[in-house]
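Colleague: Sequence:
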Amino acid sequence: MLRSLDPYTEFEGKSDAEAMTETVSGRYAGVGLVISGATLRDGIDIPDDDLTDVAIGGESTNEGGSKLLPKDALNDQKRLNQKESLDDKTPVTRNDIDKDDLLAEDEKEERLNKRRAMARVKDQGIRVVSAFEGYAFDYGMRVGDKIVAIDGKPITDKTSVEDVRNMLRGTPQTTVDVTFLRDGVEGENTVSLPRQTVRIPDVKLAALVGDPKEGMGYISLTGFAANAGLEVRNSIIGLQRLAENASGGERSLQGLVLDLRGNPGGLLTSAVDVASLLVPKGSDIVSARGRGFPGVVYRSQVDPVLDPQTKLVVLVNSQTASAAEIVSGAVQDLDVGVIVGNERTFGKGLVQNVEDLPYNTALKYTVAKYYTPSGRCIQSTNYKEGGGLNAKDNGRYEAQKVKDKDKSVFYTKNGREVKDGGGVEADFKISPPKASLLEITLLRSGVYTDYAAEWSKKNELTSGFAIDDATFRDFKNFVMAKQKEGDIKLEAVYAEPIKDLKKVLKESGYKVSSKELDQLQANIIRDIQKDFDKYESDIKEDIGQNILARYLPERMLIQRGVKSDKQVNAALDLIKDGEKFDKILARTGNVREGIVGGSTFNTAAAGKLLDEDEFAAKFSLKW
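No gaps in the numbering here: position 381 of the sequence shown is 381 in the UniProt record's numbering, and each next residue is one more.
If you're looking for bench data, these hints aren't it; they were derived computationally from the structure.
We put the beta carbon where it would ideally sit given N, CA and C, even for glycine.
Any given hint might turn out to be false.
To be verified - Here are the simulated SDA-like pairs of lysine to any residue, each with C-alpha atoms no more than 20 angstroms apart in a straight line:
hint, residue 1, residue 2
1, K566, D542
2, K482, K502
3, K583, F428
4, K146, Q124
5, K419, K484
6, K482, K540
7, K146, P553
8, K540, G375
9, K583, T412
10, K413, D582
11, K484, S456
12, K540, T412
13, K14, S25
14, K458, S436
15, K369, I430
16, K502, D487
Stated by the list, open to error - Distance windows between CB atoms, simulated:
hint, residue 1, residue 2, range
17, N166, D211, 20 to 28 angstroms
18, S408, D356, 48 to 56 angstroms
19, S537, K407, 57 to 65 angstroms
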């Protein structure tokens, strides 16, 4: 029986099972902090994709047994998430190598570097990575704060991140005293943080972008927990009201950019909730069928909240997965909006259940594939019942991507061709800026965070904050000092290719001295240093974001980044070009009427903000 399970079926231990429940519910009892430390790079007080695999391991289900969609480990660097990373050109696995003298020396250096890195992280202690607005942020906690005691109990280098997490969490309506050190502030500070039911929003930002009078809205949706539909609904209504106020009541929301880049998915029901806000009433949104799983069709049972006259763009990338692909697929197949991105989405077309097991553990297992309204399955990896398509005798899977020649053609509502077997392909292609190897190295090394700490010791944030040339030069000097001390290695992205070169040269019998290889490494470092000037604007942006992260809530950081986001700006330009927008969707005539698919849009009915109970009653889905 076990050999018949696909590789996405997983046993979840106690901590992972607990994290899944919190992820899908979108809430937990704590203080609203994300922390990291030496024991785990991914320590937590709350589940956070960017930092932890302890508190979050995948999509979850509540005790009622809601269906969910799996997610893979996605890129953990938000800055790179909106760029085209060059990582696919750098090796991620290490080949076995001979134990010759040359390589043995490299391994010694590698072990030394690891010890240095661990010593550096331990010296940093357990620090705040994020403080939630409305919770710990409002009580004075900030990114970079080093926690030194909790309720008077000192935090030592033997205190694990999970220990700190457990001390921070507790019964709501109790308090916990957190003592911390802050860069640039003398002495220790102590705040009393109330433990509350912390709500983890899926909508990270909903705002008008550009000139408010133009009525262009933007929503960043990062997951599909239980309340995702409610959050998006209230966000759309809020944007409609802001647009009306900005135009003096003359016009409502003209365009909406729904940003699903990097969204790993979540609950199937939440995907249906969100899609129902955008598509005509009665529309098929998604269907699911599989082994031992009766076929079911999920339809919109309510009028759309988004005015059909509002042009909709959905931003996607290769990390847009599962539930996010259901929404993208429904929008595309029903021709209610344009999908914008550089590539196809992830291609995760599976539905999973979670079964509670003894000792607070759980089993997450695949039960079905899902299909978009046109009838296509966007699953990009082929498996057959009874094992993977290329399952080995030992039961291990070798995933095989669906080949182009095996993909079938389907048609959207307006007759546009779309294909299955590889995610949702963007209707309008726009490439994000490429992330240079230097930028990738700097982001991964943590040097931006270190510099932000040093900057805050010597400077104060002012209203006209910007990274000037003097600060940029100071940052370069800071990086090169770290390079000289061995704290970072700018040439790290070339480490594996250089090792492979050494191995090949030795096996081929070439006599290459260590001095020549050292010179090659020095040349690489010199060339990387030149890239500081080549990518100055990007590096300045990264420096600024890391400094501001110590002072501003996440919402304001995202809003700042949106202004210079190449893909967001391209989406806004497309919305403003009505002729081009309609041509992409193969629209003819005035199809953006108040009546769509037999459903009359009622602004008054749609415009009421709902609480959770009202939303559950109104959106009680029937299928």
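Colleague: Look at each hint and say if it fits the structure.
Modeller: Status of each hint after checking the structure:
For the hint linking K566 to D542, the alpha-carbon distance of about 15 angstroms falls within 20 angstroms, and the restraint holds. Restraint check: the Cα-Cα separation between K482 and K502 comes to about 26 angstroms, which exceeds 20 angstroms; the hinted pair is violated. Distance hint between K583 and F428 is fulfilled; the C-alpha atoms sit about 11 angstroms from each other, no more than 20 angstroms. About 7 angstroms separates the Cα atoms of K146 and Q124, which keeps this hinted pair within 20 angstroms; it holds.
Between K419 and K484 the CA atoms are separated by roughly 52 angstroms; this puts the pair beyond 20 angstroms, and the hint is violated. Straight-line distance between C-alpha atoms of K482 and K540 comes to about 18 angstroms, which keeps the hinted pair within the 20 angstroms bound. Distance restraint check for K146 and P553: the Cα-Cα separation of roughly 18 angstroms lies within the 20 angstroms cut-off, and the hinted pair is therefore satisfied. Using a Cα cut-off of 20 angstroms, the hinted pair K540 and G375 is violated, with the two alpha carbons roughly 46 angstroms apart.
Annotation: proposed proximity of K583 to T412 holds, straight-line Cα distance about 14 angstroms (limit 20 angstroms). Between the alpha carbons of K413 and D582 the distance comes to roughly 14 angstroms, so the proposed pair stays at or under 20 angstroms and holds. The suggested pairing of K484 with S456 is violated, with an alpha-carbon distance near 23 angstroms, which exceeds 20 angstroms. For the hint linking K540 to T412, the alpha-carbon distance of about 43 angstroms lies beyond 20 angstroms, and the restraint is violated.
For a cut-off of 20 angstroms, the pair hint linking K14 to S25 stands: about 17 angstroms separates their Cα positions. Between K458 and S436, the direct Cα distance comes to roughly 29 angstroms. Violation of the 20 angstroms bound is thereby established for this hinted pair. Distance hint between K369 and I430 is unfulfilled; the C-alpha atoms sit about 30 angstroms from each other, more than 20 angstroms. Distance restraint check for K502 and D487: the Cα-Cα separation of roughly 24 angstroms exceeds the 20 angstroms cut-off, and the hinted pair is therefore not satisfied.
Between N166 and D211 the C-beta distance comes to about 48 angstroms, which lies outside the given range of 20 to 28 angstroms. Separation of S408 from D356 is about 38 angstroms and departs from the stated range, judged on CB atoms against 48 to 56 angstroms. In this structure, S537 and K407 break the distance hint of 57 to 65 angstroms, their C-beta atoms being roughly 39 angstroms apart.
Checked against the numbered hints given earlier, the structure breaks hints 2, 5, 8, 11, 12, 14, 15, 16, 17, 18, 19 and satisfies all the rest.
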